[in-house]
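A.B. asks: Here is how the chains run, residue by residue.
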Amino acid sequence: MDIFANLALGFSVALSPYTLMLAVAGCFLGTIIGALPGLGPSNGVAILIPITFTLGLDATQALVLMTAVYYGAMYGGRISSILLNIPGDEPALMTTLDGYPMAKAGRAGDALVLSGVASFVGALLATIGLMLLAPMLARVAYLFGPAEYFALYLLAFCTLGGMASNNQAKAALASCIGLGIAMIGVDNNSGLPRMTGGHLHLMDGIDFLVAIVGLFAIAEVFFFIESHGKGSSIGVKLEKVRIPWRDIRETTPTMIRASGVGFVAGILPGAGASLGSFLAYMTEKSIAGPKGGFGTGVARGIAAPEAGNNSAAGGALVPMLTLGVPGSGTTAVLLALLMTLNITPGPTLFTDRPEVVWGLIASLLIANVVLLLMNVPMVKIFVRILSVPAWILLPGVTMVSFVGIYSLSGSYFDLLLMIGFGALGYVLRKLDIPTVPVILGILLGGNMENALRRAMVLSDGDATFLFSSPIAIGLWIAAVVGFIAPMFLRSVLTKPQAVTD
Amino acid sequence: MASDRIFGLVSLFVALAYIASATQIQTSFLADPVGPKAFPMLVGAVAALSSLVLILRPDPDPSWPIGRTWVSLLIAVVVLIAYAYSLKPLGFLVPTAIAAGVLSYQLSPQPRAAALTGVGLSVGLFVLFRFALGLSLFAFPKGWF
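Heads up: the sequence lines are chains R and U, in that order.
When we follow full-length UniProt numbering, the leftmost residue of the first sequence carries the number 1, and every step to the right adds one.
When we follow full-length UniProt numbering, the leftmost residue of the second sequence carries the number 1, and every step to the right adds one.
Because the hints were derived from the structure by calculation, they are not lab data.
None of the values given here were measured: they were computed from a predicted structure.
Hints may be right or wrong, so weigh each one.
As the list claims (entries may be wrong) - Short derived list, chain R residues pointing at chain U, Cβ under 8 angstroms:
#	residue
1	S165
2	N167
3	T398
Glycine included, C-beta positions come from ideal geometry on N, C-alpha and C.
If we strip away everything but chain R, and leave its shape as in the complex, we get:
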């Protein structure tokens, strides 16, 4: 059995005391990041990347730390959803629908433990799915040439734009902003500068970390200034925490179904965890029917989105690792991490650097167990951290972002760019233009152009080469459908509004 041999390799990497310590620290940090309103997985991971980079960790250790933070943030997101009715991140929105009513009914402890167990089941099943599916997909990925990769990148932009936004034009514009920024700098093929305006600082392009931290973390600070830091007080008191065995037993089938739905949603390039938790919740709601009482604080309404959300987080790693195409905002950030560590995701990653891939998978399994152990008995500690007021938290986030970016290059120019991206992110989000395609554009723009140019070199300028293989044609069709279909499905796919008091 290949998988067990590989897993053994992975655990031998991940179980070294130092790596294990990093995983535990990452889980703790991640849960806090996820729980704090205004800090989600994407901006939490984003501000930590530059710091990890300067810590001098090797590739595996850095990856273990950041994926532990990533999984931890997915766990933590539920705490503020349930207690404050404020989703700590976008996918946790669905958890508020039943979690908050349940907490108001005096069962906050039950809701937290149940959602913790559901998160565990979702993440565990997704990690197993990742182990089985990723090596297979990596083998298929060997068949991908430049034409297929170009179509694949296009698919990622189209589905992400189609799913994540309410307006196709805005999503397309966001992708173009990102791609346009990616063009700045020295052209890879000819070695001549492009779009720099003669500015020396722009010659080596705009660092995607600067853009990510600006768009996610700094823009968030502006949003909090606009709302004057409201909405960060404890809404529901947490009484004694017990383990609700009965609820857990009854919701087991729900968790397993939701994990399946979430995993598939996570794999789709560009869809991600928000879609996973949404679909899982809606599936369970329609299975339960009107008698299920969804939206009034039922156990299944908490288990489904949490299992789906965490499962999608694992599923999103499949296309990211095998094809280098991230499935969500956070995996885009993780892709940025890989690029910073000089690891090229793709099929060759599985054969060339198995210790990285399997070390990562093993540490996901470890992180998951640690998170369950940490989240059930220690939930009260995390709840206390929630009461950190915004006027301490947000300046802290800003300063950490500044130091992180400053430590990358030591130049004030990157800091100014970051502030610029923060302002841009604020305006874009105000206008309901998604910022994740911008990030994806900056990350993938260079690769996408290279794929196109290489394909054209192969075919000597014949554009029909882009549609010459069945895989490429399939991807083009999927891209067009992924972009257009949500326009018609919008009435079906409208997100339920958060419950209001």
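Fit chain U to the supplied structure of chain R, relying on the hints for placement.
C.D. replies: Chain U only, in chain R's frame:
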């Protein structure tokens, strides 16, 4: 309505300027069939098209902040820019304390708490970064001590 139209108009002009400057990109003698110009022009064209759609079919306006909040946001941006310029010449502690304090005040107008937050964050983060994480930061401007 108006916000989307204005943004669409701005991005349309940016896209056109982008295409115009893409035509000025130098090509080298080692050209591939696509060359360095085509992809930026393609991106600019798609952006221009999306901007046109935004102008013609705008969404309803978001709720923009009112007067005082704009001032707060503007102050925050100015403080951050000043902070970016002063981090190198003035060392870490003093600019961080001031910037964090001002930001904290913008979030919640309590002068005492904001000042304490600024000083606390500045010292705390310095200890964390310098000694726990080993980043090379300077506490004070060079030559003070």
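A.B. asks: Looking back at the numbered hints, which does the structure fail to meet, lowest number first?
C.D. replies: Violated hint: only 1; rest satisfied.
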